[in-house]
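Engineer: Residue strings, one per chain:
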Amino acid sequence: QKEVEQDPGPLSVPEGAIVSLNCTYSNSAFQYFMWYRQYSRKGPELLMYTYSSGNKEDGRFTAQVDKSSKYISLFIRDSQPSDSATYLCAMSASGLTGGGNKLTFGTGTQLKVEL
Amino acid sequence: DAGVIQSPRHEVTEMGQEVTLRCKPISGHDYLFWYRQTMMRGLELLIYFNNNVPIDDSGMPEDRFSAKMPNASFSTLKIQPSEPRDSAVYFCASSGDRRSKNIQYFGAGTRLSVL
Chain A
1 QKEVEQDPGP
11 LSVPEGAIVS
21 LNCTYSNSAF
31 QYFMWYRQYS
41 RKGPELLMYT
51 YSSGNKEDGR
61 FTAQVDKSSK
71 YISLFIRDSQ
81 PSDSATYLCA
91 MSASGLTGGG
101 NKLTFGTGTQ
111 LKVEL
Chain B
1 DAGVIQSPRH
11 EVTEMGQEVT
21 LRCKPISGHD
31 YLFWYRQTMM
41 RGLELLIYFN
51 NNVPIDDSGM
61 PEDRFSAKMP
71 NASFSTLKIQ
81 PSEPRDSAVY
91 FCASSGDRRS
101 KNIQYFGAGT
111 RLSVL
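Protein sequences appear in the order of chains A and B. Read in this note's numbering, the first sequence has 69 at position 69, and its numbers run on one by one without any break. Read in this note's numbering, the second sequence has 14 at position 14, and its numbers run on one by one without any break.
Treat the hints with care, as some may be off.
Straight-line alpha carbon distances no greater than 27 Å define the calculated DSS-like cross-link-like pairs of lysine-lysine that follow [to be verified]:
id: 1; chain 1: A; residue 1: Lys42; chain 2: B; residue 2: Lys78
id: 2; chain 1: A; residue 1: Lys2; chain 2: A; residue 2: Lys42
id: 3; chain 1: B; residue 1: Lys78; chain 2: A; residue 2: Lys102
id: 4; chain 1: A; residue 1: Lys56; chain 2: A; residue 2: Lys112
id: 5; chain 1: B; residue 1: Lys24; chain 2: A; residue 2: Lys102
id: 6; chain 1: A; residue 1: Lys56; chain 2: A; residue 2: Lys102
id: 7; chain 1: B; residue 1: Lys68; chain 2: A; residue 2: Lys42
id: 8; chain 1: B; residue 1: Lys68; chain 2: B; residue 2: Lys24
id: 9; chain 1: B; residue 1: Lys78; chain 2: B; residue 2: Lys68
id: 10; chain 1: A; residue 1: Lys2; chain 2: A; residue 2: Lys70
id: 11; chain 1: A; residue 1: Lys67; chain 2: A; residue 2: Lys56
id: 12; chain 1: A; residue 1: Lys67; chain 2: A; residue 2: Lys102
id: 13; chain 1: A; residue 1: Lys67; chain 2: A; residue 2: Lys2
id: 14; chain 1: B; residue 1: Lys24; chain 2: A; residue 2: Lys56
id: 15; chain 1: A; residue 1: Lys2; chain 2: A; residue 2: Lys102
id: 16; chain 1: B; residue 1: Lys24; chain 2: A; residue 2: Lys2
id: 17; chain 1: B; residue 1: Lys78; chain 2: B; residue 2: Lys24
id: 18; chain 1: A; residue 1: Lys42; chain 2: A; residue 2: Lys56
What the simulated footprint calls covered on chain B by chain A, stretch by stretch (three residues with Cβ under 8 Å from a Cβ of chain A suffice, anywhere in the stretch; the number is not a length) [to be verified]:
id: 19; stretch: 10 to 20
id: 20; stretch: 39 to 48
FYI, nobody ran anything at the bench for these hints, they're computed from the structure. In this text, a Cβ means the ideal position worked out from N, Cα and C, and glycines have one as well.
Start from the sequences and build out the full structure, keeping to the hints where you can.
Structural biologist: Okay, here's the thing in structure tokens:
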């Protein structure tokens with residue numbers, strides 16, 4: 001079993017829909033949680049970053065972390081065609097040195113927002 | 001800063017040939033990571049360096065793969081001899097931002113095709 005599980009999709013939604021993307025994980029040492037967005041033929045770029053449990057909002061994007069359930073989510077409100085990309089969750093154990101800097105990625109969920 | 005710079009962007013080679021991928025991290029970052037991305041396996045960490053020293057190379061698939069970081073502004077990933085199953089997109093990332101060392105910034109990747 002992988003440390004981080006993510007549904008690969010593809011997920012297709014109409015413009016304006018609310019999108020929910022999720023990851024589960026098994027390593028209770030993970031403390032830092034990130035969402036990366038990857039457009040076709042580009043490198044991943046950081047979208048959201050959270051530490052420990054709770055919610056974080058940035059514009060149309062909300063990241064949620066539930067450490068008790070080992071479950072993280074990314075919500076996209078009023079989705080746009082420009083949101084069409086692959087979304088990868090990533091996580092890291094606590095600490096800023098050594099192994100704490102190593103990220104474990106999900107396999108990514110491909111999202112398509114249709115006009 | 002121009003971000004993480006990788007070269008070449010595309011590489012097509014024949015089985016058995018040596019392949020060298022290059023990376024220039026963001027200036028001032030002290031961590032450098034090499035990843036491989038395929039549809040089947042997603043984004044896999046191959047090796048990472050801290051202050052030019054290899055810290056964890058457990059993801060390097062075989063002895064055919066080697067990586068070096070001769071100085072803080074340059075790293076190479078070499079495959080010798082290359083095989084068709086090495087075909088993938090190879091990403092370099094760096095981190096070391098003072099706000100959070102866990103945020104990795106990715107280059108645009110090198111798309112490798114081994115025929």
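Engineer: Quick one, are lysine 67 of chain A and lysine 102 of chain A close enough, alpha carbons at most 27 Å?
Structural biologist: The hint holds at about 19 Å.
Engineer: Hinted pair, alpha-carbon criterion (27 Å max): lysine 2 of chain A, lysine 42 of chain A. Please report holds or violated.
Structural biologist: 25 Å, holds
Engineer: Decide if the proposed pair is consistent with the structure: lysine 67 of chain A and lysine 56 of chain A, CA atoms, cutoff 27 Å inclusive.
Structural biologist: Measuring from Cα to Cα gives roughly 14 Å; hence the hint holds.
Engineer: Does lysine 68 of chain B pair with lysine 42 of chain A here, judged by a C-alpha cut-off of 27 Å?
Structural biologist: At roughly 24 Å apart (the allowed maximum being 27 Å), lysine 42 of chain A and lysine 68 of chain B satisfy the hint.
Engineer: Please work out if lysine 67 of chain A and lysine 2 of chain A have their alpha carbons no farther apart than 27 Å.
Structural biologist: Roughly 17 Å between the alpha carbons, so the hint for lysine 67 of chain A and lysine 2 of chain A holds.
Engineer: Holds or violated: are the alpha carbons of lysine 78 of chain B and lysine 102 of chain A at most 27 Å from each other?
Structural biologist: Distance of about 22 Å is within 27 Å: holds.
Engineer: Take a quick look at whether lysine 2 of chain A and lysine 70 of chain A sit within 27 Å of each other, Cα to Cα.
Structural biologist: At roughly 13 Å apart (the allowed maximum being 27 Å), lysine 70 of chain A and lysine 2 of chain A satisfy the hint.
Engineer: Given the proposed pairing of lysine 24 of chain B with lysine 102 of chain A, does the C-alpha separation stay at or below 27 Å?
Structural biologist: 19 Å, holds
Engineer: Hint check: lysine 24 of chain B vs lysine 2 of chain A, CA-CA at most 27 Å. Holds or violated?
Structural biologist: 31 Å, violated
Engineer: How does the stretch 39 to 48 of chain B fare against chain A when you require at least three residues with a CB closer than 8 Å, holds or violated?
Structural biologist: holds (count 5)
Engineer: Given the hinted pair lysine 42 of chain A and lysine 56 of chain A, is their Cα-Cα distance within 27 Å?
Structural biologist: 26 Å, holds
Engineer: Quick one: see if chain A covers the stretch 10 to 20 of chain B, three-plus residues with Cβ-Cβ under 8 Å.
Structural biologist: violated (count 0)
Checked against the numbered hints given earlier, the structure breaks hints 14, 16 and 19 and satisfies all the rest.
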